[in-house]
Amino acid sequence: MQGDYKEIKGLQADIIAISTDDLSGASYVVEGLGLEFPILYDPASDVVREYGVFDLLGDGMAAPATFVLDRTGKVQWQYVGKNIYDRPSNEEIIDQLRKLPEG
Amino acid sequence: MTLREFGNSSMMWSVGLFLIIAACGTSSPSQNASSVPGASSLSQRPQATAVINEAPVAVITQSPSRAPTKTPSGRLDLDVRSSNVETAVEPVVSSSARVTLGTTSAVPAATVAATSLTIATPTDAANLPPVLVQPAPTHTPGHTQAFQQDTEAKLDTKESLEEVTPIPTAVPTAIEVTAAPADVPTSVAVEEAIDLKETSVADGGAHRFVLPSALGGQVSLDEYLEQGNVILVFYRAFW
Chain A
1 MQGDYKEIKG LQADIIAIST DDLSGASYVV EGLGLEFPIL YDPASDVVRE YGVFDLLGDG
61 MAAPATFVLD RTGKVQWQYV GKNIYDRPSN EEIIDQLRKL PEG
Chain B
1 MTLREFGNSS MMWSVGLFLI IAACGTSSPS QNASSVPGAS SLSQRPQATA VINEAPVAVI
61 TQSPSRAPTK TPSGRLDLDV RSSNVETAVE PVVSSSARVT LGTTSAVPAA TVAATSLTIA
121 TPTDAANLPP VLVQPAPTHT PGHTQAFQQD TEAKLDTKES LEEVTPIPTA VPTAIEVTAA
181 PADVPTSVAV EEAIDLKETS VADGGAHRFV LPSALGGQVS LDEYLEQGNV ILVFYRAFW
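Residue numbers (my numbering), protein chains in the order written: chain A, 1 to 103; chain B, 1 to 239.
Please keep in mind that the hints were generated in silico from the structure rather than gathered at the bench.
Every residue gets a Cβ at the ideal spot worked out from N, C-alpha and C, and that includes glycine.
Please note that a few of the clues may not be correct.
What follows is a set of in silico ranges between Cβ atoms, one per label pair, in the way DEER data are often shown [unchecked claim]:
1. A/LEU33 with B/GLY205: 27 to 35 Å
2. B/GLN218 with A/ASN83: 27 to 35 Å
3. A/LYS9 with B/GLN218: 19 to 27 Å
4. A/THR72 with B/GLN218: 18 to 26 Å
5. A/ASP95 with B/GLY204: 15 to 23 Å
6. A/ASP95 with B/GLY217: 30 to 38 Å
Work out the full structure, taking the sequences as your base and the hints as a guide.
Next up, the structure:
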């Protein structure tokens, strides 16, 4: 998503990534890849549970999922992967952003 | 011949006939008895002994005659028709038991054939499968009573077991087989998880959070929402 980050920013949106994995080695990767959006750590999986995507694949971890929130904090679109590689494409996410009312 | 001469002659014949009858009546009884077959005394007859487990259990008396005869007392004397009849059961020491009714060669062949019986010979027993032979029980009143009590106790136990575990008398009917669904979704849990009615986002309002960032510091969702829309991504790190 880093490749389409500018286009996403042009749609008055930003990206927040959340993981339950240990991020002890993540800083080097984030800096090495030049990521412009934050990667957050949810060690207790509390946020993952609140969004209802915890342990959906039976591995005690968060299922891959994407939520599109408008500026009021309302969920406008969501996609939950059926396996660890099932993710929506950047184009599909951008299309959902285009549907949101301009602020 | 005159009448007087005839009377004297008749008297002489009568006396002569009487003397003859008297002479026959004075013959010895032993001579009469000897003429009756099978009338000899029991003590004078040869005997054959039936032996079972080396203990004599019966005595069979031989009779020299060939056919049943009637004794002076009016009873029928039945001939055994065998000069030596022996029933022997050897002590059980091997895997085969043998019972033989044997006769001697002095007995006529017609009677031998009817009395000889062999159940198993040692040669035949060698070809038979091994049989567990238990020693013959000692039939004393005490042991017999104990055996009966033990048998009755076992029968009572069997009845009690049958009461506990009754034997089914009816054959189960055909089992209904429910066909498994042909196409089972592989991600049922995921499909259900898409319905977020029980989460904080069920009403559309996203759950607010503050989490640590990989680059340090804390990140609040509200701070990002103040600037615009947010793409929230739950992912797995591969580093």
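Quick one: which hint numbers does this structure break? Sort them smallest to largest.
-> Per hint list: zero violations.
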